[in-house]
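In order, the protein sequence lines correspond to chains E and U. Per this note's numbering, the very first residue in the first sequence carries number 47; after that it's consecutive. Per this note's numbering, the very first residue in the second sequence carries number 3; after that it's consecutive.
Derived from the structure by calculation, the hints contain no laboratory data. You can trust all of the hints, since none of them are fake.
Now the stretches of chain U that chain E is said to cover, found in silico as 3 or more residues with beta-carbon under 8 Å:
id	stretch
1	183 to 196
2	403 to 415
Pulled from the structure, derived: some chain U residues nowhere near chain E, Cβ distances all over 10 Å:
id	residue
3	Ile-134
4	Gly-143
5	Leu-203
6	Met-348
7	Leu-383
8	Asn-387
9	Tyr-489
Because the structure is a prediction, the values reported are computed rather than measured. We put the CB at the ideal spot given by N, CA and C, even for glycine.
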Amino acid sequence: MKSRGHLYFSAFLLLVSGFAIVSGSQWPFKTGFFPLAVAIPLSILILVHVYLESFGAPEISKGPAVEAAFSGEVPPEVARRRAITIFSWIAGFILFVCLIGFPLTVPLFIFSYLKYQSRASLLQSFVLTAVTWCAFYLLFQRLVHIQFEAGAIQTWLGL
Amino acid sequence: MLDAFIDGLFLVLQWKAFSLMLVGMGLGFCVGLLPGIGGAATLALMIPFVFKMNPAEAFAFLLGMHAVAATTGDITSILFGVPGEGLSAATVVDGYPMAKNGEAGRALGAALMSSLVGALIGAVALALAIPIVRPLVLTFGSPELFLLSMIGIACITSLSGLSVRGQIRGFAMGLFGLLLSTIGQERQSGSIRFDMGLMYLWEGLDLVPVLVGVFAIPELVDLAVRGTSIAGDRRAENLNHGVMEGIKDTFRHFWLVFRCSAVGVFVGIMPGAGGGVAQWMAYAHAVQSAADSKDRERFGKGDVRGVLGPGAANNSKEGGDLVPTIAFGVPGSGAMAILLGGFMIMGLVPGPDMLSKHLAVTYSMVWTLVIANIITVVLSLAVLNQLAKVTYIRGSLIIPFVLLLVFVGSYTANGQLADLIVTFFFGVLGYFMVLLGWPRPPLVLGFVLGKLVETYLFISVSRYGFAWLTHPIVVVLTLLMVFVIVYPFVREKPAWAGGGD
Numbered sequence: 047m048k049s050r051g052h053l054y055f056s057a058f059l060l061l062v063s064g065f066a067i068v069s070g071s072q073w074p075f076k077t078g079f080f081p082l083a084v085a086i087p088l089s090i091l092i093l094v095h096v097y098l099e100s101f102g103a104p105e106i107s108k109g110p111a112v113e114a115a116f117s118g119e120v121p122p123e124v125a126r127r128r129a130i131t132i133f134s135w136i137a138g139f140i141l142f143v144c145l146i147g148f149p150l151t152v153p154l155f156i157f158s159y160l161k162y163q164s165r166a167s168l169l170q171s172f173v174l175t176a177v178t179w180c181a182f183y184l185l186f187q188r189l190v191h192i193q194f195e196a197g198a199i200q201t202w203l204g205l
Numbered sequence: 003m004l005d006a007f008i009d010g011l012f013l014v015l016q017w018k019a020f021s022l023m024l025v026g027m028g029l030g031f032c033v034g035l036l037p038g039i040g041g042a043a044t045l046a047l048m049i050p051f052v053f054k055m056n057p058a059e060a061f062a063f064l065l066g067m068h069a070v071a072a073t074t075g076d077i078t079s080i081l082f083g084v085p086g087e088g089l090s091a092a093t094v095v096d097g098y099p100m101a102k103n104g105e106a107g108r109a110l111g112a113a114l115m116s117s118l119v120g121a122l123i124g125a126v127a128l129a130l131a132i133p134i135v136r137p138l139v140l141t142f143g144s145p146e147l148f149l150l151s152m153i154g155i156a157c158i159t160s161l162s163g164l165s166v167r168g169q170i171r172g173f174a175m176g177l178f179g180l181l182l183s184t185i186g187q188e189r190q191s192g193s194i195r196f197d198m199g200l201m202y203l204w205e206g207l208d209l210v211p212v213l214v215g216v217f218a219i220p221e222l223v224d225l226a227v228r229g230t231s232i233a234g235d236r237r238a239e240n241l242n243h244g245v246m247e248g249i250k251d252t253f254r255h256f257w258l259v260f261r262c263s264a265v266g267v268f269v270g271i272m273p274g275a276g277g278g279v280a281q282w283m284a285y286a287h288a289v290q291s292a293a294d295s296k297d298r299e300r301f302g303k304g305d306v307r308g309v310l311g312p313g314a315a316n317n318s319k320e321g322g323d324l325v326p327t328i329a330f331g332v333p334g335s336g337a338m339a340i341l342l343g344g345f346m347i348m349g350l351v352p353g354p355d356m357l358s359k360h361l362a363v364t365y366s367m368v369w370t371l372v373i374a375n376i377i378t379v380v381l382s383l384a385v386l387n388q389l390a391k392v393t394y395i396r397g398s399l400i401i402p403f404v405l406l407l408v409f410v411g412s413y414t415a416n417g418q419l420a421d422l423i424v425t426f427f428f429g430v431l432g433y434f435m436v437l438l439g440w441p442r443p444p445l446v447l448g449f450v451l452g453k454l455v456e457t458y459l460f461i462s463v464s465r466y467g468f469a470w471l472t473h474p475i476v477v478v479l480t481l482l483m484v485f486v487i488v489y490p491f492v493r494e495k496p497a498w499a500g501g502g503d
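Take the sequences, apply the hints, and build the full model.
Right, dumping it as structure tokens:
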């Protein structure tokens, strides 16, 4: 499974580096030199990796790799379902920011997540949402003066 | 010189300068905690406020803010896996796993104390180096700086496992990071590359959405998947004991902290080498200092040395950064370039005058770095126990707030909604990288250094053709880079010699 994952990921990198090589070779020397100098060795490394994954012996001597790893305490099926759920929440958050802007999405998202995903009580969800919105408003809008773009709906309505 | 040194202290201790330093520190503390609003951006925002201040007050305000932002950035890195400052990313690698292991207090104590020690070493280096640093800086041209950046990338890719495939993945990610940095306008000719017809990409990808996406989103997903608190079902440590343990760790591994601080100072002194390099080089150095492969395996899983090294380098770099800025008017980083604007506003000209006529002001900067860091660490230590308790709150209650922090932080980078999509994209990418075991640090470092590497390479080739490859320092640095790559293999030979790879 992991080996197949490596192959898919390698294919993605190969696609990116291939695109960079094709584009870079059509540009003037100054523009294309560095992308080509990077993309060509990248494709070679990935091809070697794909070869080793496909035809090499199993990767037994890994040695220590300094990188975090996900906890393996949860069954894979549950982990996959929960990962999809959280990614859906994130995608939903972004979609709502695009539609109605940050200031309205923040309380809506916090309240819905706390109430329906975290299963917090109505009072707890309400209080935490209010506190977050106040902090968001005071810090980002009043103090730092960040200009949040209006959502597509407000723009469409001319608000 | 001693008189100027003492005068510098009194300049900072004047009530107005001291009060302004405290105000700056308060701002820096908040900025350090929030991902996206970097120390450099805040310096730029605050520059207009220094017009009516005298030089000592202005630098106490600006440097107080900048020094603290570098320190407190480690707090969110450790507690939530969200780099508070762009440079704090290396602290995430071991700091967040420590929090997951129920050692948040220890990690925070170690990060803050090593930051303080690093800052003090940086300040001492600044005080001592100013008169003698000129020849060193002038020896390093574009070819040498190119190699220095490459050593930074080699350091971190060499930590990607000892199998051939592990190394390939590490180097591939470093190159992928470099490739991502080429998106947008090319500096030499002004041509646009890989813009996909989107005006958003003309400026290239911003560091914050990439960094936050790659590091923070996978950790949030993991937290949601586990369904527990950050520290899991582990029993709450004695937090007070944990913080003290972290402080003791700093002195237990003092020699490592000292060496990593020296790395920070050195990288800081090199103009344009970038603070990210300092942290990652220090991290790589900490890993490579491990006694054996078993000891080395602890890194990435919550080893306090992985927090101490980057913490120290992150702050010692500030002192180093100031050396070329003050002595030659050559800013060591983006933040220092903005600080240079402060010099101009004050009517100060960096260079010999700062080492003679305005020596007391120069030393007031040294003192600001020292005093601001001491106050921050002492105040932070008082609230660390409360901060560490966050890791025992149910994860599902924390996730929406951290997500908010992540996306607002990303948005503030450019003020464009597309930043959110970039964050999401790199979050998905980071998730699969962790899932499949492709290392993220080389990708980030390659991306951070990409533009510098390209510029240095371009200047080197344009100026010297390929003759720059034979410059004595370039040869030495190339050998050093090869050594960095080969050393882990040589040392661990028995472990991998018989393997299938």
